[in-house]
Amino acid sequence: MSNTFLPFTRPSIDEATIAAVGEVLRSGWITSGPKVREFEAQLSLLCGGRPVRAMSSATGAMEIALSLAGVQPGDEVITTPLSWVATANVVLRAGARPVFVDCDPRTRNIDLERIAAAVTPRTRALLPVDLAGLPVDRDRLYELASSHRLRVIEDAAQSMGAHWRGRMIGSFGDLVSISFHANKNITSSEGGCLVLNDADEARRCELWRLQGVERRGDSWEGMDVTLAGGKHNLTDVAACIGLGQLPLLQSFNARRRVLARRYFELIDRTLGLDLPPADFDNSNWHMFQILLPEWAEREVFIKHMRAAGIGVGVHYPAIHLFTLFRQLGYRPGDFPHAERIGRGTVSLPLFPAMQDSDVDRVCAALGPALAGASRQRVSA
Numbered sequence: 127m128s129n130t131f132l133p134f135t136r137p138s139i140d141e142a143t144i145a146a147v148g149e150v151l152r153s154g155w156i157t158s159g160p161k162v163r164e165f166e167a168q169l170s171l172l173c174g175g176r177p178v179r180a181m182s183s184a185t186g187a188m189e190i191a192l193s194l195a196g197v198q199p200g201d202e203v204i205t206t207p208l209s210w211v212a213t214a215n216v217v218l219r220a221g222a223r224p225v226f227v228d229c230d231p232r233t234r235n236i237d238l239e240r241i242a243a244a245v246t247p248r249t250r251a252l253l254p255v256d257l258a259g260l261p262v263d264r265d266r267l268y269e270l271a272s273s274h275r276l277r278v279i280e281d282a283a284q285s286m287g288a289h290w291r292g293r294m295i296g297s298f299g300d301l302v303s304i305s306f307h308a309n310k311n312i313t314s315s316e317g318g319c320l321v322l323n324d325a326d327e328a329r330r331c332e333l334w335r336l337q338g339v340e341r342r343g344d345s346w347e348g349m350d351v352t353l354a355g356g357k358h359n360l361t362d363v364a365a366c367i368g369l370g371q372l373p374l375l376q377s378f379n380a381r382r383r384v385l386a387r388r389y390f391e392l393i394d395r396t397l398g399l400d401l402p403p404a405d406f407d408n409s410n411w412h413m414f415q416i417l418l419p420e421w422a423e424r425e426v427f428i429k430h431m432r433a434a435g436i437g438v439g440v441h442y443p444a445i446h447l448f449t450l451f452r453q454l455g456y457r458p459g460d461f462p463h464a465e466r467i468g469r470g471t472v473s474l475p476l477f478p479a480m481q482d483s484d485v486d487r488v489c490a491a492l493g494p495a496l497a498g499a500s501r502q503r504v505s506a
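Residue numbers (our numbering): 127 to 506.
Hints listed in this document are in silico derivations from the structure and should not be mistaken for laboratory results. One thing to keep in mind: the hints can contain errors.
[Claimed, not checked] The calculated DMTMM-like cross-link candidates involving lysine to aspartate or glutamate, where the alpha carbons are at most 20 Å apart (straight line), are:
(1) K357 <-> D484
(2) K429 <-> D484
(3) K429 <-> D407
(4) K357 <-> E327
(5) K357 <-> E316
(6) K357 <-> E332
Keep in mind that this is a model prediction, so the values were computed, not measured.
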């Protein structure tokens with residue numbers, strides 16, 4: 127066994143990017159400035175010319191998207207209970223109610239066929255999530271949105287570089303929020319962006335992004351505030367990292383596909399693990415998630431993997447089971463598919479710098495870790 131610990135994920139930052147960050151720091155302009163504008167321009171090219179505004183986080187991008195979509199207190203937003211809690215928190219912060227719809231047990235994304243039954247006169251938007259980088263069916267999604275006259279806010283935090291039927295996520299659709307967090311397919315250390323529909327929407331996004339401040343010319347005398355915006359601007363330091371990452375997106379994702387294929391080839395099917403859909407046309411393979419058998423104790427499994435020098439992640443516990451959302455009336459049993467996946471999912475190591483031998487090592491550790499995590503063995 128290797129003595130080197132294999133983390134669940136690790137960003138790949140090249141020396142040229144590190145040097146470029148040094149230049150930004152020496153320039154004296156380290157908050158939002160020319161590097162942010164350059165980053166936004168490059169992202170816009172990648173998204174087919176659509177306006178893109180960089181943010182300090184994808185969470186902030188979703189908050190602004192809800193405002194742009196006209197979501198107000200008392201409204202409802204339909205989303206999935208299987209995501210990072212930020213997806214639902216932003217709805218609450220807008221004064222609206224997150225209305226959960228169970229996930230499809232195969233894709234682990236929101237079950238689009240259950241959405242129509244959840245629509246009420248108070249529904250204002252759909253907020254789907256591309257879990258682990260596997261896109262929600264965009265054709266069916268926008269068919270539903272159109273039939274019910276709803277806005278769509280795509281939580282594409284995990285799907286940078288993913289595609290739907292040949293079109294890159296973000297190059298079409300309504301409002302699209304993308305993350306550049308440290309564990310994403312490309313990173314700006316922290317940060318994200320919002321892909322918008324037109325110049326007017328982009329201008330309103332800028333107001334929401336930075337305190338609602340408008341200026342006429344360079345004079346402070348021409349300053350006005352027209353709405354209660356927040357502070358979600360990206361720094362030039364972060365944008366510089368993002369600019370170094372963007373040209374590597376395609377190669378990063380190609381390497382992720384190679385590693386994912388190796389997982390499919392080597393994982394022993396007799397172990398009883400439920401594997402993700404083998405979608406190599408659309409997914410960006412942000413994560414490789416397995417679902418443990420019901421008889422396996424996940425916490426013990428994780429301890430055995432760590433003892434073997436392998437880090438794994440848990441993405442994610444079902445949101446509606448957290449105290450905050452139980453206070454809204456949600457209960458165990460409301461969304462059985464999300465609950466089953468939430469208590470049994472494990473994310474295996476997957477990042478571009480991994481070697482084929484790292485996958486081999488993970489796969490070799492799965493059997494012993496599962497055996498050690500047997501509930502019978504724990505109770506004995």
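>> What's the verdict on K357 and E316, does the C-alpha distance respect the 20 Å limit or exceed it?
In response: Within the cut-off at roughly 14 Å; holds.
>> Check the hint pairing K357 with E327 against an upper bound of 20 Å on the C-alpha distance.
In response: holds, 18 Å
> Does K429 pair with D484 here, judged by a C-alpha cut-off of 20 Å?
Replying inline: holds, 18 Å
>> Holds or violated: K357 and D484, Cα atoms, limit 20 Å.
In response: violated, 41 Å
> Between K357 and E332, is the straight-line Cα distance small enough, at 20 Å or below?
Replying inline: Holds. K357 to E332 sits at ~10 Å (cutoff 20 Å).
> Taking only the CA atoms, is the gap from K429 to D407 under or equal to 20 Å?
Replying inline: violated, 34 Å
The structure fails hints 1, 3 (numbered hints given earlier, in ascending order).
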